[in-house]
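Chemist: Assemble the whole structure, with the sequences as input and the hints as a guide.
First to last, the protein sequences are chains A and B.
Using this note's numbering, read the first sequence as starting at 1 and increasing by one per residue.
Using this note's numbering, read the second sequence as starting at 1001 and increasing by one per residue.
The hints are simulated quantities; they were obtained by calculation from the structure and are not laboratory data.
Every value quoted in this text rests on a predicted model; they were computed, and no experiment measured them.
Mixed in with the good hints, there may be bad ones.
Said to hold, decoys possible - Now the in silico label distances, taken between C-beta atoms and shown as ranges:
{"no.": "1", "chain 1": "A", "residue 1": "D40", "chain 2": "B", "residue 2": "S1256", "range": "43 to 51 Å"}
{"no.": "2", "chain 1": "A", "residue 1": "K86", "chain 2": "B", "residue 2": "I1319", "range": "47 to 55 Å"}
{"no.": "3", "chain 1": "A", "residue 1": "E51", "chain 2": "B", "residue 2": "R1183", "range": "27 to 35 Å"}
{"no.": "4", "chain 1": "A", "residue 1": "P75", "chain 2": "B", "residue 2": "E1264", "range": "28 to 36 Å"}
{"no.": "5", "chain 1": "A", "residue 1": "R44", "chain 2": "B", "residue 2": "L1222", "range": "26 to 34 Å"}
{"no.": "6", "chain 1": "B", "residue 1": "K1308", "chain 2": "A", "residue 2": "R44", "range": "50 to 58 Å"}
{"no.": "7", "chain 1": "A", "residue 1": "L208", "chain 2": "B", "residue 2": "P1075", "range": "17 to 25 Å"}
{"no.": "8", "chain 1": "B", "residue 1": "E1089", "chain 2": "A", "residue 2": "R207", "range": "43 to 51 Å"}
{"no.": "9", "chain 1": "B", "residue 1": "G1213", "chain 2": "A", "residue 2": "P148", "range": "18 to 26 Å"}
Stated by the list, open to error - Far from chain A, some chain B residues (derived; all Cβ distances over 10 Å):
{"no.": "10", "residue": "N1002"}
{"no.": "11", "residue": "P1148"}
{"no.": "12", "residue": "N1266"}
All C-beta atoms, glycine included, are put in the ideal place defined by N, C-alpha and C.
Protein chains: 2
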Amino acid sequence: MNLLLTSIGKRIELIGHLKTSFRVIGVDASTENPAKSFADAFYRVPRCREEGYVEALLAVCEEEKVSLLVPLYEPEFEILNAARDKFEEIGVKLVLSGEPVTEICNDKRKTAAFFKRYDIPAPETLSDSEVEAVIGGEQAEFPLIVKPADGMGSEGIFFAENRRELEFFYGYVENALVQRCARGKEYTIDVLCDFYGQPVYIVPRIRLEVRSGEVTKSRVDLQRRVMEGTEGLLRSLNREGRVCGPMTIQCFWEESEQRLQFIEINPRFGGGVPLAFAAGADYAAALKRMGESFAAGAAGGSLKGEEKPDLTDFREQEIKELTMLRYTQAVYEDGER
Amino acid sequence: MNLLLTSIGKRIELIGHLKTSFRVIGVDASTENPAKSFADAFYRVPRCREEGYVEALLAVCEEEKVSLLVPLYEPEFEILNAARDKFEEIGVKLVLSGEPVTEICNDKRKTAAFFKRYDIPAPETLSDSEVEAVIGGEQAEFPLIVKPADGMGSEGIFFAENRRELEFFYGYVENALVQRCARGKEYTIDVLCDFYGQPVYIVPRIRLEVRSGEVTKSRVDLQRRVMEGTEGLLRSLNREGRVCGPMTIQCFWEESEQRLQFIEINPRFGGGVPLAFAAGADYAAALKRMGESFAAGAAGGSLKGEEKPDLTDFREQEIKELTMLRYTQAVYEDGER
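Modeler: Below, the structure is given as structure tokens:
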């Protein structure tokens, strides 16, 4: 079965895992990426906001008889969701949550409103008037976090330790959002959902060291409360729209207060997901079974070409509490261009 | 010949290269590092500011019959320079520049003063009173760069786009230094000097992509003016104190103005140096010849145990203009601890 990954960039480990069950086709807007020689085939496509992006992807899908398309880069999600039917028409299943879900995830204001709507524990987000009141002298507990509502990774995040810093960073950060600090152990939870929004894998890991939003040391820690909280979050998210494929969820667990606080949901593979694979979560095999069910449904003439796969045996797999220690490797190319 | 590297952390590629000519002994303050299994032997030692650090290193050197000791982490340099004699007494040569040099490199104020003293082209550094005058309303060209004088990598560097940002960041950054912006192509120059401060290799590369101070895409570009400028800089540095071993120098080259501006000198291996190795710079073999000369001098009873090695053939090696594209790899360990 053929799987297409977009924006492959540096995702060598992810490609390596998926190759255990798929022929992996990679595309990227740049040829200057180290992953291209690790995929079974590589195509350069336009950037997702350039003209011809969707057409180029459709052409690669036809050429390579792609069954599953997994996008890796947030700005692509809206565009692909809008073109979902075009892909399904040629037998390509998008492994991507529906638009209501990707919208909630991509905008931190919407994420905060979603948490509030379903009583999901999360740090309080201050309204604009609340921020102005704090700047104006109202009592507040510092530090507060100032971050761009549409930011990715850890870019543009500042801790305001006092009123003056809050005032400055609130003006300095574009589209700024102010939140209270969550405390405790920071978890990232790697999740895989089937096409019906049911979690196949929920693998929490502690972030031990992060460099510019990319985790460099991490340890699987099957904390029961974190796993249960994640299940609850996914149930709520499924009421907003269809959840599908890989998710990366972040939360803090404060042991002394027995308090869980969710801060972020990304509807895609996180950078640290190879640890989940190494710990025993066979995403590739599960995705393959999902793809086969879809193909069987399509062959049987069912409405959306889907047949509910049985993933019980995957859910029951034992996950090991491994530690991941990361380093850089390189590929070298002749410098002339 | 046995070579000891300190603070090995994630330096897998560096270890791999040095192993082509040495038995490589690695030490680190943490056992939770991915490099330890790539070294020929690994020892945990105290942090460099903790008691017993020098004694622990001396003990490892004796145990492992170490000839060359190459420290990788700036805060160690002063401590090792102070203990240099203790290492030489047991036949261990520090591959580390002398204290006047490491001091100039580690403190960006001293670097700026050094550049000025020798007319080395560099962006202007503003004095405290000049900064105050700009904040107070004096005409200035923005952006200005605000960075900690004792910072490492790209940590804590801010661009001030206007007076208000300058005022804020000047107070916000600890031990802040304000400089004019250098413009143009940013080069990192990997240098290896022999024990007499003579450059064996000068390999300039363009930084194409950097994440949190670590280069992820880079291309060797043997720009003549950059190489000549670097030679000049090294000549001046040798007048301040003995230059020795690996250096990582940064500059900007503005083609339209034919202007070179140096911004930083680090007396150690940079993170991107594996590109220089891949391009043909055989640091390991050169270091080995240097080590052999030192040992021969010591055996012959020469004063400091040194004999000037002939490194002409290394200097004449051709360097290829390669591109390096980096990605992460991981090692996994059982999570129990």
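Chemist: Could you run down the list of hints and mark each one as holding or not?
Modeler: How the hints compare with the structure:
{"no.": "1", "hint": "D40/A / S1256/B: 43 to 51 Å", "verdict": "44 Å, holds"}
{"no.": "2", "hint": "K86/A / I1319/B: 47 to 55 Å", "verdict": "49 Å, holds"}
{"no.": "3", "hint": "E51/A / R1183/B: 27 to 35 Å", "verdict": "32 Å, holds"}
{"no.": "4", "hint": "P75/A / E1264/B: 28 to 36 Å", "verdict": "34 Å, holds"}
{"no.": "5", "hint": "R44/A / L1222/B: 26 to 34 Å", "verdict": "28 Å, holds"}
{"no.": "6", "hint": "K1308/B / R44/A: 50 to 58 Å", "verdict": "52 Å, holds"}
{"no.": "7", "hint": "L208/A / P1075/B: 17 to 25 Å", "verdict": "21 Å, holds"}
{"no.": "8", "hint": "E1089/B / R207/A: 43 to 51 Å", "verdict": "44 Å, holds"}
{"no.": "9", "hint": "G1213/B / P148/A: 18 to 26 Å", "verdict": "21 Å, holds"}
{"no.": "10", "hint": "N1002", "verdict": "23 Å, holds"}
{"no.": "11", "hint": "P1148", "verdict": "16 Å, holds"}
{"no.": "12", "hint": "N1266", "verdict": "18 Å, holds"}
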